[in-house]
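K.L.:
Chain P is already provided as a structure; the job is to place chain V on it using the hints.
Protein chains: 2
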Amino acid sequence: MKNKVFIACSIDGYISDVKNSLEWLNSIPNPEQNDMGYASFMTNVDAIIMGRKTYETIAKMDIEWPYAVPVFILSRRLTSVLPNLNAQIELMKGSPNNILQTIRSKGYNQLYIDGGNTIQQFLSYDLIDELTITTMPLLLGGGSPLFGPLINPLHFELVKSEVFLSQIVQSTYTRKR
Amino acid sequence: MKNKVFIACSIDGYISDVKNSLEWLNSIPNPEQNDMGYASFMTNVDAIIMGRKTYETIAKMDIEWPYAVPVFILSRRLTSVLPNLNAQIELMKGSPNNILQTIRSKGYNQLYIDGGNTIQQFLSYDLIDELTITTMPLLLGGGSPLFGPLINPLHFELVKSEVFLSQIVQSTYTRKR
Chain P
2 MKNKVFIACS
12 IDGYISDVKN
22 SLEWLNSIPN
32 PEQNDMGYAS
42 FMTNVDAIIM
52 GRKTYETIAK
62 MDIEWPYAVP
72 VFILSRRLTS
82 VLPNLNAQIE
92 LMKGSPNNIL
102 QTIRSKGYNQ
112 LYIDGGNTIQ
122 QFLSYDLIDE
132 LTITTMPLLL
142 GGGSPLFGPL
152 INPLHFELVK
162 SEVFLSQIVQ
172 STYTRKR
Chain V
2 MKNKVFIACS
12 IDGYISDVKN
22 SLEWLNSIPN
32 PEQNDMGYAS
42 FMTNVDAIIM
52 GRKTYETIAK
62 MDIEWPYAVP
72 VFILSRRLTS
82 VLPNLNAQIE
92 LMKGSPNNIL
102 QTIRSKGYNQ
112 LYIDGGNTIQ
122 QFLSYDLIDE
132 LTITTMPLLL
142 GGGSPLFGPL
152 INPLHFELVK
162 SEVFLSQIVQ
172 STYTRKR
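Line by line, the protein sequences give chains P and V. 2 is the number of the first residue of the first sequence in the working numbering; add one for each residue after it. 2 is the number of the first residue of the second sequence in the working numbering; add one for each residue after it.
The following block holds chain P by itself, in its conformation from the complex:
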């Protein structure tokens, strides 16, 4: 059972800029569409736990729903999702521990935890086992931060660090318990 984060951020730790834009993610030319390990990461994911904002950002994009695995969306407010996504999406609320228990009871164990608030909440309960951070070479100076406050420091172990497109550092850490 593993809860994993796979996310891109700026050097100063923002996952979206002050205008809520993600354009800066494309600031490094990527002619061969290097996915920086994303597809390989997804082969080891059973289900996704995603914050409401991340869901709405994806739903607003003019693209096909990009996930083949079930997606659990955390929201206190949402009561329904796009009708064509009813089969793939389930809305959930509650504490991270209760949510995990429910999702695991459905047989999903390799979980991709996505969205700033959701990641912060899971980290605050020390529920993240693996952290892959892809650092874009810029300072945004504001926006949505990847990390939030913690009661106690959390130590991690570096598993791998790679450079993509000569410009993007990606480091994978696992929680040291």
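Keep in mind that the hints were calculated from the coordinates and are not lab data. Warning: the hint list may mix true and false statements.
Which copy is meant is left open, because identical chains are indistinguishable; a pair holds if it fits in one copy or across any two.
As the list claims (entries may be wrong) - No more than 20 Å apart at the CA atoms, straight line, and that leaves these computed lysine to any residue pairs for SDA-like:
{"#": "1", "residue 1": "LYS161", "residue 2": "MET37"}
{"#": "2", "residue 1": "LYS177", "residue 2": "SER28"}
{"#": "3", "residue 1": "LYS54", "residue 2": "PRO67"}
{"#": "4", "residue 1": "LYS161", "residue 2": "THR135"}
{"#": "5", "residue 1": "LYS161", "residue 2": "GLN171"}
P.N.:
Relative to chain P, chain V alone:
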């Protein structure tokens, strides 16, 4: 002429923890005292611009003053420094641009900019040319942040990324102008 930062921080971008401690910097065993490029970095430094807090942190440590080059300490409040350091230290105040002009007029051009507030202030004026960030594998969840708000994003170019002691990622960026 170059203004350079060389600093260690946590994965979540803190340079000291909530207790103002730096003990976590020693959380990775370093039996052979690998300096992670510090001595080599310092061979290309003419002078140091340092914030008051960083000065006070070093002054309080029971160690010899660790710098061979002149150190300019930025403070609106301080009127004197430890008497034995009078020859090596000069107190300064004013805007980053004025400070740089004064220091350069004295013939110093390769400057090491140190201390969280000082780095943030220089970055806010887009006065940092090189950024070497050594990332310790932990989340502190609070403390003094390395980065602060910016009016506009600042793009950098990755020059080098290395792993030290199998655990510590160090990335060097230069400002892309």
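K.L.:
Which constraints among the numbered hints does this structure fail? Numbers only, ascending.
P.N.:
Violated: none.
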